[in-house]
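**Student:** Listed here are the chains, written in short residue letters.
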Amino acid sequence: MTTPHLSCPVAVHATVTCRAAGIGVLREASVPGAPPLPPRFLRHADEHTVVGIRAVQAAMAALGQSPGNPRSGASDRFAVVAAPCGAGRPGSARTLVNLREGGPVTVSPHVVPQCSLHALASAVSVGLRIHGPNIGVGGGPEALSEAFVTALSLLDEPGVEGCWLVLTAWDEEPVLDDRGDVPGDAVCRGVALALDRAATGSLRLSLRTVPRVAVLDAAATTSPPGHPSLAALAILLEQAGRAGGPNLPGDCDGCLWSLRLGWGAMVNLDHAPAALGAMERRRIAA
Amino acid sequence: MTRAPLRADRSAMITGIGAVTPLGNDFDTIADGLLAGRSGVVEIDGAGFSREARQFAAPVTAIPAVAADDSLDRLGRICLAAANAARADAGLGDRRGGPIAAARVGLVLGIGAEQLKGWEADFLAGGRQVFSPDRSPSLVHRIATHLGIDGPAVTVAAACASSGYALALARRWIATGLVDVCLAGGGDILSPTGFAAFYNLRALSRRSDDPVRASRPFDRDRDGFVMGEGSAVLVLESRRHAEGRGARVRGELAGVGMSGDAAHMVIPSDDPTEAARAIQLALRDAGVEPAGVDYVNAHAAGTPVGDVAEAAAIRLALGRAADGIPVSSTKSMSGHLVSAAAAFEALACLAAIDRQTIPPTLNLDHPDERCRLDHVPHVARPHPVTVTASNSFGFGGANLCLVVRRAA
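Taken in sequence, the protein lines are chains A and B.
Just remember that our numbering sits 23 ahead of the position in the first sequence, which is counted from 1.
Just remember that our numbering sits 1 ahead of the position in the second sequence, which is counted from 1.
Among the clues, some could well be false.
Claimed, not checked - Okay, the calculated bits of chain B under chain A, using three or more residues with CB under 8 Å as the criterion:
no.: 1; segment: 114-120
no.: 2; segment: 163-169
no.: 3; segment: 193-201
Don't read these hints as lab results, they were simulated from the structure.
Think of the CB as a built atom: it goes at the ideal place given N, C-alpha and C, for glycine as much as any other residue.
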């Protein structure tokens, strides 16, 4: 038995996958149909920021409109919650090598705004002119679960009309070389979800808690939860994009993807009720 | 949108305070220091921090030991000590049988650069962690484990507003019924990289005469902020839950407002609209009119641009009422606690409420004409205080205002 707590339609989603060797190109690229970034905005950005902000732009392009347009369903009053898992490591490594070799004068002033946990959220807000709160979340291996509970919680804050949830991670955390550079074949993935109260999207994100007694019985408050990888979510969402909405694999309740949180909660990505109804009708017709 | 109905009781009562700061490690010592105008800024041994001959900062001088903290680094020990003190101050037990086990408890910490600080400490000690994958749990989860906290645990970051966002998220979790009790705050430490980066950004004061006079918010001769370190953690719970267990209520987190400048990754916007909006949203959330505010604890770090921007935002948000509302910046005494600043300054608001006195802004010899407010220079001012507003602004245009109110 679970208790529903928080739930919101996903208005639009997009994913970006990029090898480290391609980050430089992605840094300078434009996303057709998306609002542009200021010139050279990503020049000093961390790899996670490059991939994450391009995912948001791709989602905006999919929506067909830009932020601030009242018809877009993704207004400039959205919050930005970004969870870059392990972000800032290459930039931090380069900074530390410089500090050792050249002293404090060589420490780049960009390390604070570009390598801290808030960097991706701030870049999305500043680069795409989104005036809701921007918050970095996680930073460690639990970033995914922390991001979901934060984003769904913030939707009720005064002045927040929705939320861009941005998730990034390397498929496998890379070993850096002695200068702090990432091997060219390492893959970085970004997922952007627009959580919009007013949307009628085909997907719905929800968080449910389980009864407290179950948590206590599990005696698992410190055991690692079973976290599916971001890659799995990204691949599923890519399939969703190609399938054109609800025609996705899922269990009988319409659940596509689940994440069990260590403290006794589940995050589910489901077919939205309307979309589920459409899918059922198609099954009947078949 | 499907959503469980919010609890009718949206209050978030503050029932515990824990802190490890340059001004002391308990509420009374810190309140005494703030109201006496005592500065925590000293000359530090900062060889390697910058090219200046003398380095000024506000360090933590003593970290209370907490059992089982051997595995934690300095940042972890500071945060754990503050969280543990908050838990004890709230009269909450631990997982071995106190009242904390009878409630669903969460933990939110605002920490902007936990990983960077950890990699840095290791690297400067000869390690190579920064070059290798790291799957160890983040600090918030390790502290939750230490304290027996079994609810959600999250790290949030919004630069210098980080711990304020932690308090906002904790309040929201209580309102939605996700937790009964939540510990929230933040922590930060001085480090060579952080110090050098802020110095090279020209954000730090370059004064090298007298450490106590270096942090001078709103003064015309200010030239940047003075870095500090520490942790502040508050215990929040609903009024019903606090009353149900007979908790001592220290105050109420009555309102939250947040917004984004969306202007620049580092520089505050010279348009005060969004910062003012955060203040207005917080007041509206608390059901308070501008004239009902008794004290504004300003973010004012002492940077030439930031203080002017904030003064304009306060004026825009409060209108004519701003003429009669005392404003001060406690960073003139504590230094800038960065990720921990917002939670520490919420504590300063509780001190103003508790003592019915406004803490001063030190070194405000010549108020900047562009920062025209009802300043409280040099010495504390006795004043009736029921409602306070505490501003926090961070890199990336993160704006936050907390309304902290005397408990009814």
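**Student:** Hint by hint, note whether the structure agrees.
**Tutor:** Quick rundown of the hints versus the structure:
no. : hint    : result
1   : 114-120 : holds (count 5)
2   : 163-169 : holds (count 3)
3   : 193-201 : holds (count 9)
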